Amino acid sequence: MIVLPLLLAAAPAADKAAAPVPPADAAAVMAPLKAWFAGIDATDAAAIRNQIRIDGGGGATVAVSRPDGSKLIRHITWEDYLSKIKPGEHRYHEQFTGNPLIRIDGDIAMVWGDFTLSVDGKVATCGVDHFDLVRENGAWKVQNVSWSQRTTGCPVE
Amino acid sequence: MILLPLLLIASVADQKASDKLPPANPLPPPTSEEGQVMAPVNAMFDGLARRDASIILAAMRPDATAVVAAEKADGTRSVRRLTATEFASGVKPGPERFEERLSDPAIEIDGDIAMVWGPYAFLIDGKVHHCGVDHFDLVRENGAWKVANVTWSSRTTGCPAQ
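Sequences listed follow chains W and R, in order.
Those letters in the first sequence? Residues 463 to 619, by the working numbering.
Those letters in the second sequence? Residues 397 to 558, by the working numbering.
Hints in this document: simulated from the structure, not taken from any laboratory.
It should be emphasised that the depicted structure is a prediction, and the values quoted were computed from it without experimental measurement.
Where a beta carbon is used, it is the ideal one built from N, C-alpha and C, also for glycine.
Check each hint, because a few of them may be wrong.
Said to hold, decoys possible - Listed next, the stretches of chain R that the computed footprint assigns to chain W, with coverage defined by at least 3 CB atoms under 8 Å from CB atoms of chain W: (1) 455 to 469; (2) 473 to 485; (3) 506 to 519; (4) 522 to 535; (5) 539 to 548.
Chain R on its own, in the form it takes in the complex (with noise of 0.2 Å):
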């Protein structure tokens, strides 16, 4: 998960339209349960990814949270909670390419709840900014799974390199 510096958000401000990706070509929904879980958490990578804030508050419910325990270089810790609002207004159109890669996730299943949990990188332009691990808790309702809240560690030193 990112949690974008003030510094990058001001540099993002003036950026043009045409920067975006293309828009999507939409995907058959997935059939297996895993499938269906994991739709709205690659959503999300994908409004990342098109730094479309829109694509990512679809994916996640109205009251979800994020929750970032970011370990800097230096060794000082935080933790901070963000509403979702908070946390997609982060997004904005820019000239830096973002992408977030999850691997191997766990993923757990009971009935309309389920939880995600994997090691991620952020990439900036190619290049990992940082990584950590992402935990999505999730909620079917009406059928469609959302993400509830996802609680994400954050550091620097020690990510792989690509």
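Pulled out of the complex, with its shape left as it was, chain W reads as follows (with noise of 0.2 Å):
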């Protein structure tokens, strides 16, 4: 309801996929995802739980490239992905490398960027992480994830 108008103000019709989005809004979009990254720094899976639709029947979705070639596409639940985040011996963090791609439209929006994931402070895999949010009395939250995940190649940092 906020977003459109603007929209038609930037830029008329046909260009409204490509019209950019206003800071504030991709300030709230870009939110929960914060809090995400966070969540995997803290190794918090409590935080990670609160950035998602937990009953809303998404889930994650990683295409894994191997060095040898090989791939694997795999497609968990969200209890299965967040049974993986809890404290260890390892320090985790997580980043956009780059200015992701956002795009909003009423109560649906998406993300789209490079980004690292780093293992006691070196970077252990890259690849972009896609997010489809949804907008439910007032709040984002992601309904799914999928993201490209290789091992070369990588930004050193």
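Join the two chains, each given in its own frame, into one complex according to the hints.
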């Protein structure tokens, strides 16, 4: 409701998909993802759970490319995903390495951006995170996430 | 994307097979990466136009989902999630002509994941019924792109006339 008139004002008709997202709206969409990444850094599954539409029937899909060229697609439920987030001997840090692409229309949004995941201060994997978000009762939450994951060709830091 | 109102579903139950469009002439596989990503998206639209659930299901992963965020004219909002089977089961033969038009989609690809985002209009018998944005989440497995999820906004006000 708020976004549409702004988009229309910024760029008429066919160009809506490419219209720039107002910074305040982008920040609202990014807020749950920042909290998610902070939850990874803190190995705090509860913090991540709060960013998810936990009963929304979504989940996580990962497309792994291994150095030997083999590939794997895996879809897991949110509970499976969250069960892997627990304090241990390693320190994790996930971040977007550039400016992710953000699109919003009404109560749906998407974020697509390059990421690195570091373990104990060294980049272990990289790829693209793709978040599918839905706004309900004024709050953006993650419906689905998919990501590509590789261990070669990643930025060093 | 369409989420058929219950009345519409009920009204199409007894339609004849002769209402279907003629068989498709298979197109050559697209050569560009973007074209390959769009193939299952276009197949879903084709399945809607032909009101053939099997075409839609073939374009989606077995564990795929569909999510609609609808804004009604009175301002009320809802979010609903369906399995691929539930989604496709709403598409049955019937007299109305369905057409989904996606314009200027943004396409992003990285390895075996891709996304498509673009405004759409859904037409019934040539008239815009509702509109919004389609957001497709695609995954490539064994060389073939399939839809893992589609989320769309849906509204009936402020849509393009055609």
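Quick rundown of the hints versus the structure:
1. Check result for the region 455 to 469 of chain R against chain W: holds, 6 residues qualifying (beta carbon to beta carbon below 8 Å, three or more required).
2. Residues of the region 473 to 485 of chain R with a Cβ under 8 Å from some Cβ of chain W number 4, which satisfies the need for three, so the listed coverage holds.
3. With 8 residues having a beta carbon nearer than 8 Å to a beta carbon of chain W, the region 506 to 519 of chain R meets the requirement of three or more and the stated coverage holds.
4. For a cut-off of 8 Å, the count of residues in the region 522 to 535 of chain R with a CB near a CB of chain W stands at 5, and the three-residue condition holds.
5. Requiring three or more residues with a Cβ within less than 8 Å of a Cβ of chain W, the coverage given for the region 539 to 548 of chain R holds, as 4 such residues are present.
Of the numbered hints stated above, none is contradicted by the structure.
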